[in-house]
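Q: Chains as they are written, first to last, in the working numbering: chain A, 1 to 317; chain B, 1001 to 1317; chain C, 2001 to 2317.
Simulated from the structure, these hints should not be mistaken for laboratory data.
Cβ coordinates follow ideal geometry from the N, Cα and C atoms, glycine included.
Please note: incorrect hints may appear among the correct ones.
Label-pair restraints from in silico Cβ distances [as the list claims (entries may be wrong)]:
1. A:Leu51 to C:Pro2050: 14 to 24 Å
2. B:Pro1133 to C:Leu2051: 20 to 30 Å
3. A:Gln29 to B:Asn1011: 42 to 52 Å
4. C:His2130 to B:Glu1250: 20 to 30 Å
5. B:Pro1133 to A:His219: 49 to 59 Å
6. B:Asn1011 to A:Leu51: 47 to 57 Å
7. B:Ile1025 to C:Asp2033: 43 to 53 Å
8. B:Asn1220 to C:Leu2051: 40 to 50 Å
9. A:Leu51 to B:Thr1026: 40 to 50 Å
10. A:Lys316 to C:Pro2050: 16 to 26 Å
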Amino acid sequence: MIGINPQLDRNGDLRHLLTTEGLPITILQRILDTAESFAGVTEREVKKIPLLRGKSIFNLFFEPSTRTRTTFEIAAKRLSADVINLNVAVSSQTKGETLLDTVNNLSAMHADMFVVRHSQSGAAHLIAQHVGPDIHVINAGDGWHAHPTQALLDMFTIRRYKQDFRALRVAIIGDILHSRVARSQIHALATLGVPEIRVIAPKTLLPAKIERLGVHVYHNMAQGLKDIDVLMMLRLQHERMESAHLPSTEEYFKYYGLTPERLALAKSDAIVMHPGPMNRGVEIDSEVADGAQSVILPQVSFGIAVRMAVMSMLTKN
Amino acid sequence: MIGINPQLDRNGDLRHLLTTEGLPITILQRILDTAESFAGVTEREVKKIPLLRGKSIFNLFFEPSTRTRTTFEIAAKRLSADVINLNVAVSSQTKGETLLDTVNNLSAMHADMFVVRHSQSGAAHLIAQHVGPDIHVINAGDGWHAHPTQALLDMFTIRRYKQDFRALRVAIIGDILHSRVARSQIHALATLGVPEIRVIAPKTLLPAKIERLGVHVYHNMAQGLKDIDVLMMLRLQHERMESAHLPSTEEYFKYYGLTPERLALAKSDAIVMHPGPMNRGVEIDSEVADGAQSVILPQVSFGIAVRMAVMSMLTKN
Amino acid sequence: MIGINPQLDRNGDLRHLLTTEGLPITILQRILDTAESFAGVTEREVKKIPLLRGKSIFNLFFEPSTRTRTTFEIAAKRLSADVINLNVAVSSQTKGETLLDTVNNLSAMHADMFVVRHSQSGAAHLIAQHVGPDIHVINAGDGWHAHPTQALLDMFTIRRYKQDFRALRVAIIGDILHSRVARSQIHALATLGVPEIRVIAPKTLLPAKIERLGVHVYHNMAQGLKDIDVLMMLRLQHERMESAHLPSTEEYFKYYGLTPERLALAKSDAIVMHPGPMNRGVEIDSEVADGAQSVILPQVSFGIAVRMAVMSMLTKN
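Model the full structure from these sequences, guided by the hints.
A: Dropping the structure here:
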């Protein structure tokens, strides 16, 4: 979609965060290290820091997502920025204004950063191509394409619990086809040197030629989970059910739901992750979700620190 | 619903505010005294105070209420907290996430306090039972059960105008059956030593065995208002009309509406209160609502100070 | 609608901003001068200033408008005020509360300023008549009546590009009939001494007896644009199409759309303005909207500075 890397400025510093694809390992590691400084020793030790005082962050959500919007809002307020929430679906878009007119207008209102969620792949990239040099764009999820901050907080979580990426077997399990999270995870894991990335899913929920990304495909949980260190579950979108990709949620759970019995097939110290919100009893059993190997709630906490890290790195440059 | 008092910590300090039922008189009076320090001499003299700087308050509204949400938002901002508004009905709840998953996720986002409004009785209690030790819960109204901050601001208002609770006759008038406000008022008035609490309502709008709470029941305004010092009106929910509890709003006003003539039956220095929003011409005549004995707008002002007091006491402990 | 000027206090200082009609030239110029101090040399040089620290600004929008609401929110936050957003259409109004009860309640919550958008003409005036002496009202658009901050930012933009108002020919083009913006512009232009104000529109989109405001009426773009220094385009409301005022948007564009060819009929250094959001291809061609003579995005930037100026002048008095 883009020629030279639009995420970096001339000095090779982070200018926008649009995708983990092509993000240099140095930048990726710097994000994780910076997040470490915000995360503190325990999950609840985040302090208020005046790094972004006087900056205006626009949460530009063309698709509703309270969870993601809230984490960015908290991260920005922790950095002392002013946050403006815009649910654009219900406002000027309905007046027939184009995406770029909306963005140009908000830029003219002295925005310093746009956090963009959009149902169309490439929306954040398009915006990044058109904003002025003082404005930074963070992709908070675009269509089926990318969700880089989710993938980065996942990497942060893995590093906290597993240290060395180069010794890990990681499985991504569920609806890979429609998942921007899975795409961003695969790119980040590969960059960080994970030697074996597996995807486990029914054929109907896998994109064509996914092997090109360097992943190993499994259609069977028992085989796919063997020797796994990290299980990255995906949310099963109820909407997909209706579109004939799957017979029923019960059927899905029967073959791909993560039960304690299935988790026992992975390594005994494997960790279980999920981007939330969970469908308990569909892709994951409550016993696993709330169990000792689950790091799902720490993921949420680390999400604040990682977003603070990205925001502070963007405005520093 | 709960065994030992879940509202207090080991030292007997306020840990959550869930209901006025069982709230010790020492705590109740400390809230009123603390509110006094925020309220200033006139109603408009509230200052901005940095007591909650760096704290994140989540307004967690599962049921819409602009008024109540706004008062909590203002109170929190006056204390310099960061406020995150979440209208949960339209977000992750619709994605099938359970109440506790929502709360666990928000807790992981470094919430310091939840202000909870929910249509189901007991929702705030349930949340309070599951949050970690650093998080405080304020019940901003749960079903027909309780609305403690409303009752506390009512007590504050009474104390401002009437001083000694132990010399008062108080009447609560209207739809007692569906009113969480009435329940919280009765418990608070009893704790503060009000010797005579009356409820005035048609039989269809009274809960069974209400006398057990120590109140005197009247079905007639003329009798019920005699010698009364404080009139606490309740809002008549239009929704109730349709459910056959009442023939019509005109009929209701004819028998239970507070007119100047009826007000004259109470003590000459009686005060008139209403939690708002008012139905003028249904439960209250405009001449009374805007008259010299009305303290309805001061109630709103005091509501800010009382909520500031509760928030500051919770985070201090 | 009002006798003596309700916008000024006894000392002749600004007390409310309700309309540009009757606003003294001294006040109008002071707003522009104050805005100049906030605007900086380039459009993006607005600093955060603690002038309104501790003040509570209520964005009271009875009609949705993300754009206008956002500019006021940013302006208020730049001045360090606390901002409370209230979308009143979906809240207490639906509970049958009257406009004045809503305002009285919010006043009791220690509001310092109301920014009011309402679909009914006169709503902001009505509120201004009823608030206490410490509360200031800004009209952010009422029905077809007035939108003074839009007109003021337009005046600011004209002054930046054209300096002397007394040497200008200005044309307002489009749906004058339904435009509160046009009314506010005409009054402001007249006060500032613009010698020739033209309106260009089809007869069906002109109010009766518009000439009484001192404007010259044209139904033809070629004639109306001759010797013009400033073109103020208006947004064509799609809703109006349906109400039989116009045959179709294509037909409208054919006769009144601003194309590069038509723009060439005005002075060669004429500037093109639009209050946004634009209907590209309806009232304005994209080539003009994005062209060298367009000052549409600077208008948006200046809107922040002008609103900061109005807010700071109101609270100073």
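Q: Under the constraints set out in the numbered hints, which ones does this structure not fulfil?
A: 2, 5, 6, 7 and 8
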